[in-house]
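Engineer: All chains, please: the whole structure from these sequences, using the hints.
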Amino acid sequence: KQEVTQIPAALSVPEGENLVLNCSFTDSAIYNLQWFRQDPGKGLTSLLLIQSSQREQTSGRLNASLDKSSGRSTLYIAASQPGDSATYLCAVRGRDDKIIFGKGTRLHILP
Amino acid sequence: EAGVTQFPSHSVIEKGQTVTLRCDPISGHDNLYWYRRVMGKEIKFLLHFVKESKQDESGMPNNRFLAERTGGTYSTLKVQPAELEDSGVYFCASSLSWDRDRQYFGPGTRLTVT
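Protein sequence lines correspond, in order, to chains E and X.
Position one of the first sequence corresponds to residue 41 (this note's numbering), numbered consecutively onward.
Position one of the second sequence corresponds to residue 4 (this note's numbering), numbered consecutively onward.
Don't take every hint at face value.
Ranges between beta-carbon positions, derived for each pair [what the hints assert, rightly or not]:
#, chain 1, residue 1, chain 2, residue 2, range
1, E, Asp136, X, Thr76, 25 to 31 Å
2, X, Thr76, E, Asp79, 26 to 32 Å
3, X, Val53, E, Asn58, 39 to 45 Å
4, E, Asp67, X, Glu86, 29 to 35 Å
5, X, Thr23, E, Gly81, 17 to 23 Å
6, E, Ser99, X, Ser61, 29 to 35 Å
7, X, Glu88, E, Glu55, 36 to 42 Å
8, X, Asp104, E, Gly56, 43 to 49 Å
9, E, Pro122, X, Gly74, 41 to 47 Å
10, E, Ile47, X, Asp104, 24 to 30 Å
11, X, Ala5, E, His148, 26 to 32 Å
12, X, Asp102, E, Asp79, 19 to 25 Å
Subject to a maximum C-alpha distance of 25 Å in a straight line, what follows is the list of computed DSS-like cross-link-like pairs (lysine-lysine) [unchecked claim]:
#, chain 1, residue 1, chain 2, residue 2
13, E, Lys138, X, Lys47
14, E, Lys138, X, Lys44
15, X, Lys57, X, Lys81
16, X, Lys44, X, Lys81
17, E, Lys138, X, Lys18
18, X, Lys54, E, Lys108
19, X, Lys18, E, Lys108
20, X, Lys54, E, Lys143
21, E, Lys138, X, Lys57
22, E, Lys143, E, Lys41
23, X, Lys54, E, Lys41
24, E, Lys41, X, Lys81
25, E, Lys108, X, Lys47
26, X, Lys81, E, Lys138
27, X, Lys54, E, Lys138
28, E, Lys143, X, Lys44
29, E, Lys41, X, Lys47
Calculated from the structure, these hints are not laboratory results.
By construction, the Cβ of each residue, glycine as well, lies at the ideal position given by its N, Cα and C atoms.
Structural biologist: The structure is reproduced here in structure tokens:
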């Protein structure tokens with residue numbers, strides 16, 4: 041049974057710092073991995089999608105990596121801004137087509 | 004283009020009552036999904052519609068939950084009778100048939116059962 045773990049559960053960093061969010065999954069037989077952002081009272085917004093054959097994806101200040109064999113992904117945020125404050129969710133899609141989510145990391149960027 | 008909308012945004016009901024949640028997907032999206040996040044837990048899949056047909060309902064907790072998508076447009080999720088453990092945030096998402104990786108999520112309905 042696939043399980044997705046995100047560490048840390050919460051993180052506070054000063055504005056301008058680079059940071060890394062971690063995600064691990066127990067079953068490496070995944071179809072893809074996504075990083076989502078959720079703002080309070082809002083839905084989930086997909087940030088980056090990495091297919092199982094890919095190693096990383098980049099979008100602006102965000103970079104996500106995938107090491108399928110070790111069951112790990114990281115989301116790197118460069119030059120953090122207060123607007124980056126949100127909950128970040130990692131989710132994997134398995135061969136059965138279901139999306140399994142982690143509990144998320146609550147990120148707070150201190151102005 | 005309008006995104007996925009959900010109604011109501013928040014519902015407070017007593018144990019034993021019935022509640023119906025509604026989701027309007029993005030126009031043209033054949034795939035519609037329901038998810039739930041219970042306090043302190045991760046978001047979990049409930050079921051998946053392709054047009055009006057239930058493709059996968061393996062995540063539905065029990066028979067107190069009934070989902071419908073008549074006409075393949077909007078969907079409803081009815082909980083009858085509601086129990087305390089049903090409290091949580093219910094998310095709806097939709098996607099195009101040819102791009103199922105890109106699920107667009109609604110803002111969720113926060114259900115509180117007292």
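Engineer: Among the hints numbered above, which are violated by the structure, and what are their numbers in rising order?
Structural biologist: Hints 8, 17, 18, 19, 20, 23, 24 not satisfied by this model.
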